[in-house]
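**Student:** Just so you know, the protein sequences line up as chains H, S, G, A and F, in that order.
The first sequence begins at 1 in the numbering used here and counts up one residue at a time.
The second sequence begins at 1 in the numbering used here and counts up one residue at a time.
The third sequence begins at 1 in the numbering used here and counts up one residue at a time.
The fourth sequence begins at 1 in the numbering used here and counts up one residue at a time.
The fifth sequence begins at 1 in the numbering used here and counts up one residue at a time.
These are computed hints drawn from the structure, not numbers from a lab.
Bear in mind the structure is a predicted one, so any value in this text is a computation, not a measurement.
Derived CB-CB ranges, DEER-like:
no., chain 1, residue 1, chain 2, residue 2, range
1, S, Asp50, G, Pro177, 21 to 31 Å
2, F, Phe24, G, Leu207, 15 to 25 Å
3, F, Glu372, A, Ala313, 15 to 25 Å
4, F, Asp130, A, Ser123, 53 to 63 Å
In silico DMTMM-like cross-links for lysine to aspartate or glutamate, where the CA-CA straight-line distance does not exceed 25 Å:
no., chain 1, residue 1, chain 2, residue 2
5, F, Lys149, H, Asp162
6, F, Lys202, F, Asp219
7, F, Lys216, A, Asp212
8, F, Lys216, F, Asp168
9, A, Lys202, A, Asp212
10, F, Lys116, H, Glu167
11, A, Lys149, H, Glu159
12, A, Lys149, G, Asp107
13, F, Lys216, F, Glu199
14, F, Lys149, A, Glu226
15, F, Lys149, H, Glu256
16, F, Lys216, A, Glu213
17, F, Lys149, H, Glu159
18, F, Lys149, G, Asp107
19, F, Lys149, A, Glu67
20, F, Lys216, F, Glu270
21, A, Lys149, A, Asp139
22, F, Lys149, H, Glu163
23, S, Lys253, S, Glu279
24, F, Lys149, H, Glu167
25, A, Lys149, H, Glu167
26, F, Lys216, F, Glu187
27, F, Lys216, A, Glu187
28, A, Lys149, F, Asp33
29, F, Lys116, H, Asp162
30, A, Lys149, H, Glu163
Take a look, some chain S residues computed to stay more than 12 Å from chain G by CB distance:
no., residue
31, Asp16
32, Pro92
33, Glu171
34, Asp283
Virtual Cβ for every residue (Gly too), placed ideally from N, Cα, C.
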Amino acid sequence: MSTATSAGVRDTDVVTLTPPAAGRRGWVGYLTMPLILAVVLVSLYLYVNGRELDSIEARSLNAAALSTAVGEHVALTAVSTVITLLIAVPLGILLTRPFTRRVRPFIITLLTLGQAVPTISVLVLLAVMFLFLGFQAAIVGLVLYAIIPVLLNTMVGLEQVDENVLEAGRGMGLSRFQVLRRLELPLAVPVILAGVRTALVINVGTATLATYINGGGLGDVIMAGLSTNRVLVQVVGAVLTSVLALLIDYLAGLAENLLQPKGLRSART
Amino acid sequence: GGGDGGGDSANAGTLDGAELTAGSKEFTESVVLSQITSLALEDAGASIEDQTGISGSATVREALETDEIDFYWDYTGTGWVNILGNTTEEVPEDLFAAVSEADAENGIAWLDAAPFENTYRIAVKQDFADENGLVTQSDAAEFINANPDQARVCAASEFINRDDGLPGLEEAYGFEFSEIVELELNLIYTQVGDTCEFGEVFSTDARVASNDMVILEDDQEFFVEYQGAMTLRQETLDEYPAIAEIMAPISEKLTNETMMELNGKVDTDGEDPRDVAEEWLQDQGLIGG
Amino acid sequence: MEFLEFLGNRADDLLEMGLAHAAIVGAAVLIATVIGVALGIATYRTERPREFVLAITGTFLTIPSFALFILLLGPLGLGWPPVLFALVMYGLLPVVRNTITGLREVDPAVIESAQGMGLNRRQRLLRIELPLAWPVVITGVRVTTLVLLGIAAIGAVVNGPGYGEMIFTGLARVGTPVAVNMVLAGTLGVIVLAVLFDLIFYTVQRLTTSRGIR
Amino acid sequence: MTQTPQTAPEPEVMIRLENLTKRFSGTQRNAVDGLTLDIHAGEIVVLVGPSGCGKTTTMKMINRIIEPTSGRIILGGEDVTTTNADQLRRRIGYVIQQTGLFPHLTIGENVATVPKLLGWDASRIRSRVDELLSMVNMDPDEYRDRYPKQLSGGQQQRAGVARALGGDPQVMLMDEPFGAIDPITRERLQNEFLRLQSEVRKTIVFVTHDIDEAIKMGDRIAILQEGSSIAQYDTPEKILTAPANDFVRDFIGGGASLKRLSLSRVRDIELASWPTVSAADSVEQAHRVLRESDHSAVLVLDTEGRPARWVGADDLRRGAGQPLDQIGTVPQAVVESRATLSDALNELIAARYAVTVVVDQDGRHQGVVDIEQINEAIRSMRHSAVAEARTEFADGRTTP
Amino acid sequence: MTQTPQTAPEPEVMIRLENLTKRFSGTQRNAVDGLTLDIHAGEIVVLVGPSGCGKTTTMKMINRIIEPTSGRIILGGEDVTTTNADQLRRRIGYVIQQTGLFPHLTIGENVATVPKLLGWDASRIRSRVDELLSMVNMDPDEYRDRYPKQLSGGQQQRAGVARALGGDPQVMLMDEPFGAIDPITRERLQNEFLRLQSEVRKTIVFVTHDIDEAIKMGDRIAILQEGSSIAQYDTPEKILTAPANDFVRDFIGGGASLKRLSLSRVRDIELASWPTVSAADSVEQAHRVLRESDHSAVLVLDTEGRPARWVGADDLRRGAGQPLDQIGTVPQAVVESRATLSDALNELIAARYAVTVVVDQDGRHQGVVDIEQINEAIRSMRHSAVAEARTEFADGRTTP
Ligand SMILES: Nc1ncnc2c1ncn2[C@@H]1O[C@H](COP(=O)(O)OP(=O)(O)OP(=O)(O)O)[C@@H](O)[C@H]1O
Ligand SMILES: Nc1ncnc2c1ncn2[C@@H]1O[C@H](COP(=O)(O)OP(=O)(O)OP(=O)(O)O)[C@@H](O)[C@H]1O
Ligand SMILES: [Mg+2]
Ligand SMILES: [Mg+2]
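Only chain H is shown next, with the shape it has when bound in the complex (with noise of 0.2 Å):
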């Protein structure tokens, strides 16, 4: 009887349709992961510095060097999924007009190898067949990588709006363009950033497999760490990678908050 009960007032806490703070997360909550995201870094510091460093290790875990790889890391990170949504979103937009629908599973299918190709093929490929190394080539295999998260879910995304409303707006007058951005697009804004985040994280992830063809990055100092058998740079190098990926998912989270239309936030938040 009571788990019942228990049950069903749990339930319907969550369902009221006024949650005392929906979407409106107050500072404190807006704060804990980057919070969480400090502790660890600080604990990671002083861990290390309680250690004593051999030289390989030294080499790998100075300011100077960790502070260009995570510079790197963030320019590839950055530049490729700038690229990516450059890329993915107006191609999703194009794909769900209708005078697509005869090319949309074509092109899906190609963007679709994009993403399975292993990137470290893709690296290996560019370059050993066309001499193509360095930043740019690194940026290639992590754009090919990220395209079809944000395509798919901003063509879902587009798809899911209510058709009612669109017909309300198409009634108003507003040009196809105008229902595309004041309408389809914030009202899909939460799955096309649902797929962008999920880009983002694996860029930052894969971002590490830079290191292979000079494209720098944190993957230098995970490399170093494993060529080495030096866990303690393995280690700095993934927690530093992990913190950067949860921290770009933070801001992504903070811009989804901003981007994402007040009214649809989600009743049962």
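Position chains S, G, A and F with the ligands relative to chain H; hints supplied.
**Tutor:** Just chains S, G, A and F with the ligands, lined up with the frame of chain H:
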């Protein structure tokens, strides 16, 4: 147990019933060595499962320690630095003894090392060497100091980070590469002459020759010579002491030249490592035909 | 020409690797979907757990595969077990994220009427919310499949099954004539699998999405 | 002053709302503010009130889709404010204002939802679905397999009603269920509902903006003001004849008397008599009857006693020699005695002689209704309503 | 037989639908089947018809949200069947049946949509939004910044109407715009609309299920049957008094005569006279007047000529000695001459003496309406409608 006709197969049957797993790193030499070992042990009656081609030194070593594999070939330098966690600022006189002794504490036995020595080297394109008269590392140092615009090096992470690698090299010869292009080890061979003028290579790698490269002579003997040796868990060795006996004569014959040749057959001629190993063993009469 | 010859020579190998690759990715996707959807369902209504799950599954995706495989080698050994495990870990995020997003997008009026009819939590979820969120969820699964097809190749570092072996052996031989062929063959293999998987997904998506919401 | 004098035992209270309050976050006012209301078992209670006054919110609190900020809900004697909401809801059918059909399910599947929940077998579900669709005037074969988006607005609404009826719940909450339906279908649905209701007495809370519908459907009507405060909670008759205040008067709008007429039937009033003759009678006979009365025409009845003709003095003169049922005009304004006074009035005002002929089921003449009867009926309703209201007031009873 | 005799010049045709047909894929029947309809500029045309008969589909074809399967749409003389749809739509306001508010925009932003499109400046938009919200009876300060989901059903609908009015379009399509709104607000909106319409004559196509609304709002009513085939397209008066067929009769439902009354005003009929006396007159005077008439009471007027009292013979007897305006009863049933006959009847049936007193704007007595007047009015409407229909038929003209 008689044997399978191999006349000089003195070991026939000594490993009957042994079930072992062979491991190796991903590069050709490691695989070939492992195949040689497998074939030899099989010849002695063991049955071998093949888990060769594991990527990364650390991975293979971890696999050995966790019983996933029973043996693989490693290098003393790798043992000293990567496994035992030392740096190469001062390398002991007898590296093999030091490593095998230290690693015994981890329960890992190193069989006697083979005569071939695989080590880091810097290589350049043949044309480039000819053009600039580069024969030794010292020539290179001089050239680099004079032509910083032609002083890029392709190297893999391990080399870049080890004291017995790039940092030490530059210090020893008194020069500095203008740019370090960090690449996956294998990608270096195709990039030298393109993205970079100099490349880190392994001394026994057949791809040096096949890609028209020459190795610069280490005239100051900076590079630590890394000997290859088979490693296995002490308990395995205790159980099958015959392994050491079987491998000793084989090891002896593995010289630099031999390894270059065997590697070349795989890498350049595209032969299967196991076939290459078998052919060599038979040619040498080390296993029964 | 040379490449075609190579393909001809290694056709059997390639087919076998393809089956293995498909099998392990298929299994991983299945498991990741079950776990991911379950996690999504368990957390989509409450902010803290939801963010927590997303953070964790996101972190998984950032662990370098090499490091992860070495980590898994101890408990899981070589071959398919560590690969499967790692693939499941990597595959969670897209599924979880899209499940959560899909479920949160369902029209409140519809949920309300389901509630009004006395469908309990589970029934609402299974009969109303999930089917309505399905296009988004299955898109996540599709993304996961594609991501995993690629990552599975890296499983070769612990001797996992699939085209990775071909690719990595090729990589180890760069500078030799066969290298490009091997990498290319392995890559093509993955691509073919991707097309096949995507075809399946396309069909599944069409068949499992109600006409009423297409 | 709240002593309760001996009154007739009240029917069981099915839903009791006690001081129910809801404030939505971010708003200044309570959407529902301390609403207390008893809904008796087997009754249809209609909620009417200005848009935004809290009707939907109240309904949603009853089945706990919205949790009250404070107050209690008692269903069949049991406090359900904190019990399992799903259990509660399965006992309550709910027609949501926005229809809320499940877009991914066909109409048939939508309607089958609750029967499936209840674990009925497939054939029973199927026949139930067909029955419900037919009931809401939708051809099952045509609509069963359509998806909601393929229906017109009114069709969607009807499907929503059918769906809510699926499990045959004892309590129904219906939020403007017939708002988007045309008058003919709507009347059919209303009648169907009332017929059903007379068989299995459900407890129904019904929201509508159509006062006529409220009057027709409601056993009681609650007229709500801003914040769901009750302006009047009473039977339709009382609300029409004795509105509690100006708000109520305004709300029922013009034509309250006319509306009131639709609640009384012709058989309930005393009919006026009108001079009649039989078709077999002679013209002279008719002349005589006419002359003796102060009316300008006589009603000719056929052999069965059914009204056949209006015959006036002129007609008699002109049609001399013809049988009585061949002259004069055919009566147009004829209603059965179960017709409402409103029907009678509608005929009357357009009828010759301003009079409506009343017949029984077999069409036999019963008498006539003229404006006097209507006037008298209305005035007596008024008096009794006022008298009753006074008594209640004197008794210190609040409205139920 | 289609020669068109000289008739008054018809107003310009704003929307002409020519043989418009729509079949949805996967259905057997045409949702709209060869509809031909002329809508004149500046008129409100109300579409009514059974649920699912194709009203919404027709509306959506007019602004090309649904492309017709065949047929033509001519807007202001221009064939728009194939022109740019966006351009077209911007000239047409559209109130969608399901409100279709943009969920991600506040109410203010929703309403501002078209003004923004038109590039108005911020302050003009703001004041327009406030004006429109007030017009639909929603306090701008309270609702401007809410999101659609925070509104009640009726509030959402009103916001939808406000939004459609935003750009002040010349043509409006309104699909059940007032369906979910309470009677008071609805009447206010209707009146507001009619007032606006009398100032700026828009062309409006209006769908409703409320016949009274149709009668009130429509310059013409199109009663549609299945497949949008026209059962009758005529003025409300004609439809009520001369329904074209049984379908129409059924559709307008019971009480057609009563409804018809709401279209005529008291000032349009000849009033009956009733004996009056002045308040200053003596009781004897009143006695005399009463005796001379065949009525049972006299109406006492005050010095301004406004009805002050009903005084019957009894009253005179009992109240002897008192001034006339101190005895008898105060007249309750009083209407102004611009009231509808329906209002008059409503009063009449409940009034003492079954009579409604009619006064002018200043409250001065004009005469009375009793049942005879009503009866006569209805009957003459009937006759003229029938006569007109006959003429039209004889002329070979089809319904316009
Ligand atoms: N997308 C569609 N696919 C198939 N049939 C449809 C579709 N939309 C509408 N219909 C059908 O077309 C007919 C006309 O629909 P429409 O919405 O125009 O009716 P309506 O007159 O507006 O009805 P209501 O008064 O109920 O709103 C209906 O029978 C409906 O079932
Ligand atoms: N989620 C919400 N947040 C804030 N205010 C709300 C919310 N939902 C409803 N309201 C407000 O609460 C009041 C009551 O709303 P409710 O929907 O109960 O009205 P209603 O009586 O059903 O009206 P209608 O007849 O228009 O459907 C309205 O003023 C509305 O604006
Ligand atoms: Mg409501
Ligand atoms: Mg409609």
